[in-house]
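Peer 1: Assembly of the complex is requested from the two constituent chains, each provided in isolation within its own frame, with the hints serving as guidance.
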Amino acid sequence: MTTRTISSFARARGLGAAGHGTSHWWALRVSAVALVPLVLWLAVALAGGAAADHARLTSWLAAPLNSVLMILLLAAGFHHTALGLQVIAEDYIHSGARFAAAGVIQLACIAGAAAGIVAVLRIASGA
Amino acid sequence: MPRPRPKSPNMQNYRPQLTSVLSFGHRLSGVALSLGAFGLAGWLAAGASGPEAFGAAQALLLSTFGRAVLFLITLALFYHLCNGIRHLVWDNVRGFELREIYLGGWAVVGASLILTLAFWAWGLA
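Residue numbers (this note's numbering), protein chains in the order written: chain A, 229 to 355; chain B, 6 to 130.
Pulled out of the complex, with its shape left as it was, chain B reads as follows (with noise of 0.2 Å):
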């Protein structure tokens, strides 16, 4: 019986970088984006319901829980807005020198925190 072929992706054996951890961060935080999604939809739900059905949403979102998964669904939200920009950059075919990819890399990591920070900075004030 022939040995089946390996297949992809063989994680254990592929010493992580910056560019292999934010294409699998763009995956990753499209999943949660996903679940995101299907959170926005209920929300819009519970508001159409009443005043009451949205108040126990809005408990559950601005509890110590709610607020943590939230932080987390903006933080994918902003890293996934800006690294989509850096891809449709390169369906551009524009930026593929290595240094260039590594910039962008760093420059997306940064924007994201910066935007995370400073929606959580600007929707507490």
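Bound conformation, chain A alone (with noise of 0.2 Å):
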């Protein structure tokens, strides 16, 4: 026996009750692919001593290169702590203010990645 739970054009538009389908989920797994290689990336630089003192950290994070892999690393490892925090909201806050602590993680994590993008600029730029 099968429960119908959504109508038959919901499930063929396939956005669920929510509205947005599949879009967390899927973006969620966007992001880890591309924090695949920028992790190895980091974790390579840092323990060849790339950061061992501020002259390295500054010269190393001016090489565009660098730049560009640091503020792609901050922005998808920002938005995907930001949708997998919120999926533990969701899943532990079982009263209303689950809405709220996936307000406060978007926004933290929002200003995480703009504190962090801001440095890196910053650096690259020798200011």
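Calculated directly from the structure, the hints in this document are not laboratory data.
Since we're looking at a predicted model, the values are computed, not measured.
Only true hints are included.
Simulated DEER-style distance windows between Cβ atoms:
| # | chain 1 | residue 1 | chain 2 | residue 2 | range |
| --- | --- | --- | --- | --- | --- |
| 1 | B | 21 | A | 315 | 18 to 26 Å |
| 2 | B | 19 | A | 291 | 48 to 56 Å |
| 3 | A | 249 | B | 54 | 39 to 47 Å |
| 4 | B | 10 | A | 251 | 24 to 32 Å |
| 5 | B | 20 | A | 287 | 47 to 55 Å |
To spell it out: a stretch of chain A is covered by chain B in this simulated footprint if at least three of its residues, at any positions, have a beta carbon under 8 Å from a beta carbon of chain B; those stretches are:
| # | stretch |
| --- | --- |
| 6 | 251-261 |
| 7 | 264-277 |
| 8 | 280-291 |
| 9 | 305-319 |
| 10 | 338-351 |
Note that CB positions come from ideal geometry on N, CA and C, so glycine has one too.
Peer 2: In structure tokens form, the structure reads like this:
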């Protein structure tokens, strides 16, 4: 026996109860795939002493490829963080506070990404 | 008044096994890496502020406490990376036989430990 929980039209559109379908799940996967090479790049650079002191950090991050990769890492990383933490909040917070939590998570992640990206740009421009 | 329905997760009557422990570990390491992401942004901001602020950040990170936190963050990173790849394999509807699930689980445990130790061995060399 099957229980129909959504109309055929809604099923065909594939958007589900929240109205945005699999977009959250898919964005989590896309950002995850992007993060695989980016975190490996950071781990290799840091283990190799790219940021052993301030002079090496600035010369390393001022190289265009490195500033681009660090900005991509911050963007993908904080996007993945916001998506992942929201799922955890939705699973474990059973009251309406989960909506507030989702908002706080998203704002904090946008702020973190902005702070990190601005720092990279300041280092890259030698400011 | 109707009795409220039980809420998931019911950890108190759930016997730990590799699959559930690794699943919870994925979330726990994700939360740790969330803090790590803010740490990375703060560390970069210190670097942008100048040698003095960066030196203070480095002194904090390279203290015994800082190194212990960094070790746990790298362990969380490599575990979440390896287990995340395991999840991506599952997303392609592969590896769902019980034997494959345990094999993949132990492979993730081994790989994340080896990567973490290799990172620190290389970094300290």
